[in-house]
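> The residues making up each chain are set out below.
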Amino acid sequence: MSSMLKKAAVVSIPTVRQALLRSNPLLANALLAKRAYNSKGGVEMTVRDALNSALEEEMTADEKVYLMGEEVGQYNGAYKVSKGLLDKFGPKRVIDTPITESGFCGLAVGSAFAGLKPVCEFMTWNFAMQAIDQIVNSAAKTHYMSGGNVDCPITFRGPNGAAAGVAAQHSQCFAAWYGSVPGLKVVSPWNSEDAKGLLKAAIRDPNPVVVLENELMYGVSFPMSEAALSKDFVIEIGKAKIEKEGTDVTIVAHSRSVGFALEAAYLLEKEGICKAEVINLRSIRPLDVDTIIKSVKKTNRLVTVEGGWPQYGVGSEICAQIMESEAFDHLDAPVVRVTGADVPTPYANNLEAYAFPDTEVIARVVKRTLHKQIGAK
Amino acid sequence: MLSSQKISLAKVAARAFITPLTVRTFASSAVARTVSLDLHKNSFETYNCDAPSLEVKLPKEELVRMYQSMVVMRRMEMASDGLYKAKLIRGFCHLCTGQEAVAVGMETALTAEDKIITAYRCHGFTYMRGGSITSILAELLGRKAGISGGKGGSMHMFTPNFYGGNGIVGAQVPLGAGVAFAQKYLDKKAATFSLYGDGASNQGQVFEAYNMAKLWDLPAVFVCENNRYGMGTAANRSSANTSYFKRGDYIPGLKVNGMDVLAVHQAVAYAKEWTVSGKGPLLLEMETYRYGGHSMSDPGTTYRTREEIQHMRSNNDPITGLKQRLLESNIVTEDELKAIDKAARVEVDKAVEEAKASPEPEISEFWTQIYKKGTEVPYVRGREPEEFHRY
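Sequence order for the protein chains is A and B. Under the UniProt record's numbering, the first residue of the first sequence carries the number 1, and numbering increases by one thereafter. Under the UniProt record's numbering, the first residue of the second sequence carries the number 1, and numbering increases by one thereafter.
Honestly, I wouldn't trust all of these hints.
To be verified - The calculated PhoX-like cross-link candidates involving lysine-lysine, where the alpha carbons are at most 25 Å apart (straight line), are: (1) Lys239(A) - Lys214(B); (2) Lys214(B) - Lys92(A); (3) Lys92(A) - Lys85(B).
To be verified - Stretches of chain B that chain A covers, calculated by requiring three or more beta carbons in the stretch to come under 8 Å of a beta carbon on chain A: (4) 162–173; (5) 366–378.
To be verified - To give an idea of the interface, some chain B residues facing chain A are shown, with a C-beta separation under 8 Å as derived from the structure: (6) Met78; (7) Thr111; (8) Gly149; (9) Val179; (10) Lys189; (11) Ala209.
Calculated from the structure, these hints are not laboratory results. What you are looking at is a predicted structure, and each value in this text was computed from that prediction instead of being measured. Note that CB positions come from ideal geometry on N, CA and C, so glycine has one too.
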């Protein structure tokens, strides 16, 4: 990625909220109205600040934790997630790297082999494709290949999925890519509590963990519970969260799509159409299929939502696992995937809007599912 | 992590894979028996640094042990060759026959605190870094007694101060820079040596590692084992500049006669001193030669002549070279060397039998070590839904 593009991405930060408002007024309004989708609490925090506090707390707790990546130090982070950390921890532990993903990712993995606990930031996950060999072949496999003789306690993190108006090379979800790799754990937070609890869990985990954040969520505020404000707060990797209880259909989503799914669920409920249960996956690998199965047994219908491409995606995997589980016998309608379109992300606003799931698409699909019955007529 | 490394070391030692390091380090009382040998004046070529001294001072016992290590290593690789041809070793198998002086000369200049990482031609380094012959051969055979429990094979062997054994050409170089980064971070007065071949030297990430190592003055030494061919591609067909020791640009470098174990020792001692004293990274180019093919499936004769191989064997062999040195200097007698040769054969033969006697890994091991024990995912799927493991 050229430095010009990187700058452009940074300039867009203050406008994230406006962009959100423009591209998705329904969600933005819902969030601004502070509807109680998540834990109740008096304090609001942006996802960005939640990530920042997770980093700060874990670096304070353990000298071996350090942060490395492009612009994480003097620049305060391309998306300001690492703001203030250089001042607090100094250049030994907050390290600006050259723009060489393969090299600094490999270096971070090597330092994990040798006893440190690196947090390796990718300015966005798109650039980590330069380093995917080090993540998959070096980080994920060495513990197994060495018969358990080498550990790799590393966290890879950065914004994933589509941002606003940055076109094809900067708008891609990697959940399915990393989610397929044994040896990795993969988490995908949606709100501020998720972001803080999952990042802290990732840093403490003695295995390589991929943290897929979302740029468009960085500036969004959510209430934080008292518990989530504690430095001891962690969210167990591998457990999904039921964000909204329901009886008629289950909607499973991760990352930014959780917000759209909730919005659609509330909309449908308000219209008296159905009571949808919304599951926030939180973890891509391990996948908490037990929670989905339990929900499907109750609702008998399932819709998956993600920003990634349809083929071989998170939704595809959920479908397959449901087919192979006892939940299959409880389905009253075929599972439907709502995904990003099978298209490289276009730049133009109207075309881009057509590329990713939003509240309207989810509501439409849920309605359709409610009328479907299994069995040929 | 430090404590877990200790556990890992203890665990490995308990499995008797590791020869106690004391066996390979000489007692200080031996200093009295130190001898001085002169290297050939063409042993080194420099780039932005001074050459190491041509006078090598080593205890007699150490010199004899160098010979012994090289002989054992060659025997071990000959045994691997035989086991492969007997179809007892699967997949890829890359032998270091001809290149023994590099691993052996490095080891005598380093301590257990120093770390080494290399690519897939790793049997010799694993042995020098404490892996027992039985554990190496058993790994090749895919047995329970293998150094990686039979899960890694020829290309993936590790000891507490050796980070493998890596199969992706060039990827080990930034990993090694990371090990050096950790040494500096933890204030260790030690260095990490990252080895790669002339083929890997053109990988972009090698230069990325150079850059960061110099930028941050890491105690990293980059060691190019130039055996003249990356698989079947001659160095001058892959590299615009075959002076590999000069390719660090802003990093000084040293070309070393990698067929002379004493020159290797001297260069590595120099490099360690250089980088641990805070001067930053250094490049070493070891000019060496592999007698065999790239791997067992390569006869090694389509891209080079038999005469060339024969010439190297006759005139540059590292074992013969040291043998002559030791005899000329009256450090050992011909009979003593013969006894070492014989003992090496016996030792390796015994290890072959031990390795063969080891059973294959338990099927239950299939599911272990994907994640660190106690932090696994809840369950792992096998080939079909009813084949799975719950932790």
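> If a hint holds in the structure, say so; if it does not, say that too.
Against the structure, the hints come out as follows:
Taking the CA atoms of Lys239(A) and Lys214(B), the gap is about 43 Å. The hint is violated against a cut of 25 Å. A threshold of 25 Å between alpha carbons decides the hint, and for Lys214(B) with Lys92(A) the separation of about 15 Å falls inside it, so the pair holds. Only pairs whose Cα atoms come within 25 Å are accepted, and Lys92(A) paired with Lys85(B) is rejected, the gap being roughly 51 Å. With 8 residues bearing a CB less than 8 Å from a CB of chain A, the segment 162–173 of chain B meets the requirement of three and the coverage assertion stands.
Check result for the segment 366–378 of chain B against chain A: holds, 9 residues qualifying (beta carbon to beta carbon below 8 Å, three or more required). At its closest, the beta carbon of Met78(B) sits 25 Å from a beta carbon of chain A; the interface hint therefore is violated under the 8 Å criterion. Interface hint at Thr111(B): violated, since its Cβ lies 15 Å from the closest Cβ of chain A, which is beyond the 8 Å cut-off. About 3 Å separates the beta-carbon of Gly149(B) from the nearest beta-carbon of chain A, less than 8 Å, and the hint is met.
Contact between Val179(B) and chain A, as hinted, is supported at the beta carbon level, the nearest pair being about 4 Å apart and thus within 8 Å. Checking Lys189(B) against chain A: minimum C-beta separation of about 15 Å lies over 8 Å; hint violated. Taking 8 Å as the C-beta cut-off, the interface hint given for Ala209(B) holds, the closest approach to chain A being about 5 Å.
Hint compliance for this structure: hints 1, 3, 6, 7 and 10 are broken, all remaining hints hold.
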